[in-house]
Structure formats: C-alpha cells, structure tokens
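Novice: Below, each chain spelled out in residue letters.
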Amino acid sequence: MKFLRSIFVATLTGMVSLAVVRAADAIPDRPEKIAFPPFKYEPPKPEDYRVQLKSGPVAYVIPDRQLPLVNVTIYVRVGQYLEPAGKEGLAELTGWLLRHGGAGTNTAEQLEERVAFLGAELDASIGETEGTVSLNLLSKDTDEGLGILHDVLFEPRFQADKIALRKLQILQDMEQRNDDSSGIEGREADFLAYGENFWANHYSTSNSITSINATDSAQFHHQWFAPSNFVIAVSGDFDRDTMVAKLEQLFSQHTGPVTSWHDFPQTTPPPIPTNTVFAAPGVYLVNKPDVDQGRVSFILPGILRYNPDYYAVILMNDILGGGGFTSHIMSRVRSDEGLAYDAHSSFPGGTYYPLTFTAGFQSKSRTVSYAASIVKEEIVKMTTNVVKDTELNDAKRAFINRFPQTFATKSATANIFAHDEFMGRYARDPHFWAELRSRIEAVTTDDALRVAKKYLVPDKLVILVVGNKDDILLGYPNHPVKLSNLGNITELPLRDPMTMQPMK
Amino acid sequence: MQMTIRRWIFLPVFMAALSLFAQDVPVVEETLTNGMRILFVERHDEPAIAGGWVAHVGSSNEKTGSTGIAHLFEHMMFKGTTTIGTTDYAKDQEILDQQEKVRDEMRAEEAKMRVMLRHGEIDDLLKPENWTPHYKELQKQFQQLVDEERKVLAKNEFDRIYRSAGATGMNAWTSPDMTVYFESVPANKLELWCWMESERIYHSVRREFYSERDVVFEERRMRTDSPPTGLLEEAFNAMFWESMPYSWPTLGWPSDIPAISKKQADQFFATYYSPQNITLVIVGDFVPAQADAMVKKYFERIPRGTNAIPDVNTLEMKQPGEKRLNGEADTNPQVDIYWHTVPFGHKDSYALEILSQILSTRTGRLYKNLVLGSGVASDAFARQDSLKWAGDFNAGGEASDGHTPGEVEQGVYNEIDKLKNEDIPPEELQKVKNNFAADQYRRLDSNMSILMNLLVNDGDGDWHEINNFGPKIQAVTAADVRRVANEYFPKENRAVATFTRKTSAAPAKDKEAQ
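The listed protein sequences derive, respectively, from chains A and B. Under our numbering, the first residue of the first sequence carries the number 1, and numbering increases by one thereafter. Under our numbering, the first residue of the second sequence carries the number 1001, and numbering increases by one thereafter.
It is possible that part of the hints are untrue.
Claimed, not checked - Chain B is faced by these chain A residues, among others (derived, beta-carbon under 10 angstroms):
1. 25
2. 39
3. 68
4. 116
5. 120
6. 137
7. 173
8. 293
9. 295
10. 341
11. 400
12. 470
13. 473
14. 477
As the list claims (entries may be wrong) - Coverage of chain A stretches by chain B, computed from C-beta distances (three or more under 8 angstroms per stretch; other residues unrestricted):
15. 174–180
16. 318–326
17. 342–348
18. 356–368
19. 403–411
Rather than coming from a laboratory, the hints here were simulated on the basis of the structure. Where is the CB? At the ideal position from N, CA and C, for every residue including glycine.
Using the sequences provided together with the hints, build the complete structure.
Specialist: Given below as structure tokens:
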C-alpha cells in the first residue's frame, strides 16, 4: 500500500481526530439527510472590469496570475447579415482569411509559422451576427501577440493563393451537404422556422463562392473592422493598468486609408433584419433512404430573450425537455421506452430575432412515428397540466445552485461581460447577472402553465422528419401510430448541394 | 503598404527557441484499505469541486458474444441504488426477478429465431414481423412487468438529486481501455459527491436494464450506422486489429447488444467494479484533512473484490503483409492509413508524438506539401494514438477535386520517407516542442480539465504521466524521430482504407446556371 500524503502532513493530527469523529457518524440512507456547510456566492460585477478605451472600444480587463497565459477576444459588429446579394459565403470566407491570408508585413506562410512557433492559438471567424478574433498565448509573448492582433484586425493581406485554396475547400465541403442526414435536418428546420428568404437562410452556392474575389473580402473587412465596432475581453497574466495602456495603443494606432478599397466608408452596421416567416403547420418529410434512423424536429415560433416571460420559459422548457434525464421528453422517449439516445427540447430566446422552440430526437425508422407521438403528447400536456411544485422547485434549485459555475474562470467572466456589452444586454439590463437568481426564484407553477399555453400552441406545430420514408411510414406493429396522425404530410425534395435549389 | 507601427519583427526562429517546462500538477495520492486509490488536487480558483473516477475496464476486457457490455454498464450506473430510484426496494427486486424469468424464456426463443435466421427462414432478428408468436406473447408479459415496476420507480432520481444540488457536467464515457464517471459540484457539496458515488459503487441496482439496452442500440444507430462512413470505419478498425480485443467496437456488435443479459452485467460488475480496480480523483476547493476523512468514511466501507481482475494478455500479431479496404459511401474521396506502433508510456511514444505533429497542423508537412504544394489533398492529418495495451499511428486526408485517394496516400508515404532519410531541422523540432509546452499550461486552466487528464492517464496506466509527459517530449531529439520513422512505417505494418463516392449518390455538380 502506498501513502503519499506530503501535503497532508501539516494537518495530520487534526485529520486523525476529525476522521475518528466523522467515522462514528452513521452514513445516512438518503442524501437529503446530509447537512451541508453554508455556501454564499455573489457573481462578479461588470463595473469592476469595464474600461471605456479612449480609442473607441469598451474592454473588460481581468488579471489572473495563476498561469503564464494571456487570452484576448475581440468581438466585431459584422456578420452574414451584411453580405451583399450574390456574395453568400463572403462573411465566413473573410473571417477565415483574416487568420490564414497573411497580415501586416507577413505573408500567410510567415504568419502561420510565427504563431505556431510561439505555441499560440490565433483564431478568427465571422458568423451570422458577430465576428471574433481571439488569441491565447504565453504572457512572455504578450507584446508580439498584440502586434499580430493589430495586423490581423487592421492590415489583413487576403493573399490570392489562400483565397483560391479556401474557395476550393468550401466547394468540396459543399458537395457533402446531403451526405449526413443531420445536416439536411438542420438546414430544412431553419427554412421552415424562419423562411426561405430570411437572411440567415441565404446559403452559399457554387456561383456565389466562385464570384468572390480579394476585393470583396477586403471591402467587407474594411467597412466593418473599425475600433468603434469592437468589444474586447482580456484575461490572464498581466497588470491591469499596463494592459489597458497596451490596448489603447493597439486601437489608437489603427491607420487610415492606405489602399484603394479603403475609400469605402467605415460605418456602424444597420440593425439585424427580423423578417422571419414561420411555415404552415404540418408534417414535412425529407426522404433519405439509406439511413436506418430517422431524425425529427418539432418547431414552434419563439421569443426574444428580453421578453418578460423569458424566465418562466426557461423553467418550463427545463421541465419539458431541456433538463436532461429528469425532463418529461427524455424520461419517456429514452428511459421509459428506449426509443432514442438523444431526446430534448430547447427554447433559447433570441438576441436579435425570436429563436424558435425546438424539440427533437433520433429513432430507428420504424419507431419514428411512435416516438413523435409521445413528444407531441408531452408538449400538449405542458399546456393542460400544471407542473408539480417539486418539479418546478428542482428546476429552480438546479439553475440557482449551478449558477456560480457560470463564472468559473476569469476568461469565461471577461467573455461573458464583453459579450453582454456587444449584444446590448449590459446597456439594457445592467443588473442581469446580479438579479438572475431572484428572477428565476419568482417564477410560479401558474407562470409555467401560462407560458406553455401561450407559446406551445399545438395547432402551430411544424414537424420535420428526415429519414427512410418507406420504413418510417410503415411504422411498428407494437405501436399502431402513423406519421399522418401527427398532421398532413408534405414531402420536401432534397436540395441540390451546389445551388440549394430543390431537386426534381 | 504604409505602416505606422511595427512593434514586433520576426527573429530567426532558432534564436527564439523556448526551453520552458510547465509546472507540475500537485497531486496527493492515497490508497484505501480496500485497494481503491485516490488522487487529490487542491485548487481554489473556482468555488467548486470536480470529482470523478475511473474503472480500469473497457471494451478490450470483453468477450465476443457480449461485446458492448462495458459501455452498456456505464449507462446502468445512472439507474440508482437500493434507496435512490425506487420508492419500494423490496417490491422493485421482486419485479426485477420476475422480469429475469421472462427474459430467460425470451432468450430461449431468441436462440430458436437464430436457428431460423441461419436456415434462411427469416432475414433479420430485429424485424418485428419475424418474431415468433410465442416471443411476442413473452414481450407482452415483460411489458406488463415493466408497467408494474414503474409504480415503484422514482424515475431518474440519481440525476435529479445531483442536478438540483447544482452539479454540472455530470456524464460518463467508455473507451476500449477505461470507463470514466465525472461531475462538478458546488464547493460545499463534497459530502454529497462522496455519498452518491460510493453508493452507486456499493449499492448499485441495475433496473430498467432492457430499455437502456435499446437506448444503447439507438446510440449505435446514431454514431455508427447513420454517418456516411461509420460502418466502413468500423470494418476498417476490425480489419486493422488482428488479435487484440481492440478489433470490436466499444459500442458492441449489433448482434451482441440485444443479447447481453442482466446476469452478465452483474458478473461484469462483480469483477471489474471492485475497489482495487477503481481510482477516484478529486480536484478543487476543499480542505485536505476534511476531504481525506470524508472520502475514507464513504469509500473505505466498500469491501475489496474477491475476483482476480484478468489482464489483457493477448498481443497484437505482427502483421505479415499490407491490408487494404476499398469502400464506397456518400462522401468525398479520402484515404485513411494505420500503422501498428506502441502503447501508452512506451519509450518510443514521445518521438512518435513529435513525428505526428511534424506531419499534422497547418504548418505541418502534410498540409504544406499535399494541400498547399502538390494540391492533391484538400485536407490532411496525422496522429499517434497510444492506447493502454497497444498503439497505432494514423494519417490520411481528403483528395482534392480531380485527384484520387491514391495520390494522397502516396503523398503521405513521400513525407514519411523524408523523415526516414533526413533529420528534422532544429527550428521545426523546436516549433513542435513549443506547442506541447504551451499546451502543458492550457490543460491546467480548470478543475474539469485537470480531472480529465488525471483520469485518462490513470486509466491508461499511470497518472504520473500528467507531469512526466512534458519533459519526455522536450527530450526527444531529431535522431529519435528519424529512428522511429524507420522502425514503425514499413509497408507490411500498415492498413489502408480508401473511400470513394458512391456513383449513384454523386452530388449534382455544375448544374447551376452559370
């Protein structure tokens, strides 16, 4: 037997007596009988870290000396919603090129080599509604790292051979759009939830990617990558004032027009369009004959996270299908019936436009209809039966007791605050984190029923099924449920992966 | 381009060579009287404690006929105890016994249906239309017992207790070599963790066994059957490992999962979940003396197991010739190459790790020469995978449009040949070492990350590797890399899979109006 307890030596005497006392206590038969030490927790306050830089952006700066590392993330007001028509895919391609297309005096190859040699992690990407450029590196290399960030943010080179390479890679990925049924499900669910013409459903095509050139990327970058469109999160091994001074220098030395495309004015982006269109209720079926497991999504119109019902919606959804094993959908579809590995619901609340309620699962083709009928039943039940006090209380305790984990690391804290600033939540609701637990605590079982009735309207349900049509329609002899019991079935054709047009 | 600032310039890389070593993780190890080991790491950066344990058992300890049992067992560990998960333990046990009797009859009937299958009278054991009338009758009987049991079940109570106490990240996974359970609890709930984890080892009850078996089969459909190359990859793995029990999937063969019995699971538990086969790891905000006393109080009461824990004594056969698999699927053309190398802790594993990084990453040789250079590939990768009992090296990539998997394959061989014939330049070696060194810090940034590192290293054979790996990597020389390149990459030591797109499923290209 091996006893390596060097750290424990100092307290050895205390430990032995304590152990004797404790061993005398019987172990209770239920964990509820354990008395836990008190636990007080207050979340960090954004004001303690918020710095309005003279050079424009707001930064959240949090020193953290435990490891010799520095983390920087720059959030940028840019996104897919700003892509010009016919240039779908430009945002994503531009984000990739910031990281991989060279910057400042360095070619793409030099930049890659230097970042790799420093053992640094440099990332850049542009998504639907935001761009991020981030760097994690050893603190001894901080100045060099900030120099690299400066170049990536303000002087990307969009090297021609890297644009050509990336376009080839994107076109090759595009060929695989219909290969995996989960990809088909995700895209079709979004078309049904937000409409064919909603900007987030403007997928790149072989034509749009082929048409993009270096000037497109350079203009797109130049137009939106101005310090006034940035919010910054910094944490790690540094002195706060020193870091603030370095950031001031970084963003004030943002240079003016130096090449032709810089004639384009830099502007604050327009509001994100919210013109979503929700599909007619019913069952939508995409035939993917070569898989033996069907994927199902239940979709309903959603809410914004600033909706006063948001907190009741969080708890109601947690009980229905958001709370993992203890939720109604998981409990019935998975653990009672063994019909699916994954069964869930989500009701996130949108920041810029209402995000839908979605429930889903995957089951073998022939039990798809039966499992779907259970999910629908559970959704309807939420609108007719008031949830138990104990259930609501469990959902609240889970939320409140795990809350401190939200801010587990300094890097998470800086990024949460910076992202709140970016989304406008800090301006709109500055005490959000301080008050979140009491807002959750205030929700009643009546509230849960009220929001379920209000938002989970069975007559509006859009149900998407992707899988082997023949087997799914055949059903399972032990469970005489047919897919048509859930609504009128509309068959959706697969889309051509290169054009996203429905195939005949 | 006009430059207004230039705060940094590129030094010649070899001048800036780093020689840093990450700090050690301060681990305190202890062994309880029943043989269970505990690793403590005190850390006060988060108001929480990450706790987990590794059972030194995985799919490589299985036998054919019940492959997948280690993973199914992992699922069963969430089903509760004698007091958690039921409102009436005696009644629950009574029903479970009755269920087993019906299941014994069902197994006899399943044996008959397998005869029918072998004789070609039915085509698929899972198809409801093929089940005998007696089997369907037994299913109904079983379902009645399930309905009866539900009256005394406290559904998913184990999860509910943890969740409402503020636990996060509660999960588990199974690999060929180990089964790992973990979660994070608020700093004042260490005693809850000790209660829950010791109870589920000491007093576990495997209720809802057969519906969970169906869940696992759905998991297999999701992970293996549905992804376009899932079944081909499974077949390739089975072809690569000849004698080692790594040849079957951790999820189990589809014929085995529905055949695993509760009795087999009970026997499996008795052997592999005994205290001397388990290591606990606790990382976070605790007072050492109190934590030590508490862990002893809860875990030392579990009696040492009486069964000897069998070692995996099979060695992989030396491969006498190259193996090849050509598959068609809904996927872009690609190549996947495996070589037999070395297991965890082998003295050559560090040079092979370096070699893999020389080839992979965006500044690695495969990307530079196959993606950017010849352009035969659109992406490429390489990795050394040191498992507990054996190891492999894996490289491959996707062919660019107009190129073939064969060209990518040849490109990989060309790069390995260069490593056989020429030393890596010092700056290239240093670049790779610098990345390993920085990662040695990054893995220390949260309780959960430290916990996982310790669990996996202990599961692989020695937790000390968390502190020894870094220095061993830094000690690798260019000569070491050249030596392992020559030793492990002969043609007869490799297996090659090429995947091409099914012709019927070719995507409609060039259809778009230009």
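Novice: All hints, please: hold or fail.
Specialist: Now the hints, each set against the structure:
1. The interface hint given for residue 25/A is met, as the beta carbon of that residue sits about 8 angstroms from the closest beta carbon of chain B, less than 10 angstroms.
2. For residue 39/A, the interface hint holds, since its Cβ comes within 10 angstroms of a Cβ in chain B; the closest pair sits about 4 angstroms apart.
3. With its C-beta approaching chain B no nearer than about 6 angstroms, residue 68/A sits inside the 10 angstroms limit, and its interface hint holds.
4. Annotation: interface hint on residue 116/A holds; nearest CB of chain B at approximately 4 angstroms, less than 10 angstroms.
5. The interface hint given for residue 120/A holds, since its Cβ lies 7 angstroms from the closest Cβ of chain B, which is under the 10 angstroms cut-off.
6. With a cut of 10 angstroms, the hint placing residue 137/A at the interface with chain B holds, because the nearest CB-to-CB distance is about 7 angstroms.
7. For residue 173/A, the interface hint holds, since its Cβ comes within 10 angstroms of a Cβ in chain B; the closest pair sits about 8 angstroms apart.
8. Evaluation of the residue 293/A hint against chain B yields a held restraint, the C-beta minimum of about 4 angstroms falling below 10 angstroms.
9. Annotation: residue 295/A was flagged as interfacial toward chain B, and the flag holds, the nearest CB pair being 8 angstroms apart, inside 10 angstroms.
10. At a threshold of 10 angstroms, the smallest CB-CB gap from residue 341/A to chain B is about 4 angstroms, leaving the interface hint in force.
11. Using the Cβ-Cβ criterion of 10 angstroms, the hint placing residue 400/A at the interface with chain B is satisfied: the shortest such distance is roughly 7 angstroms.
12. Taking 10 angstroms as the C-beta cut-off, the interface hint given for residue 470/A is violated, the closest approach to chain B being about 14 angstroms.
13. For residue 473/A, the shortest C-beta to C-beta distance to chain B is roughly 15 angstroms, which exceeds 10 angstroms, and the interface hint is violated.
14. About 5 angstroms separates the beta-carbon of residue 477/A from the nearest beta-carbon of chain B, less than 10 angstroms, and the hint is met.
15. Counting residues of the stretch 174–180 of chain A whose C-beta sits closer than 8 angstroms to any C-beta of chain B gives 6, which meets the bar of three, so the coverage hint holds.
16. Here's how the stretch 318–326 of chain A fares: 4 of its residues keep a CB closer than 8 angstroms to some CB of chain B, so the rule of at least three is met and the hint holds.
17. Coverage of a stretch by a chain is defined here by at least three residues with a beta carbon nearer than 8 angstroms to that chain's beta carbons; for the stretch 342–348 of chain A and chain B the count is 1, and the condition is violated.
18. Only residues whose beta carbon comes within less than 8 angstroms of a beta carbon in chain B count, and the stretch 356–368 of chain A has 4; three or more means the coverage holds.
19. A stretch counts as covered by a chain when three or more of its residues have a beta carbon under 8 angstroms from one of that chain; for the stretch 403–411 of chain A and chain B the count is 6, and the coverage holds.
Checked against the numbered hints above, the structure breaks hints 12, 13, 17 and satisfies the rest.
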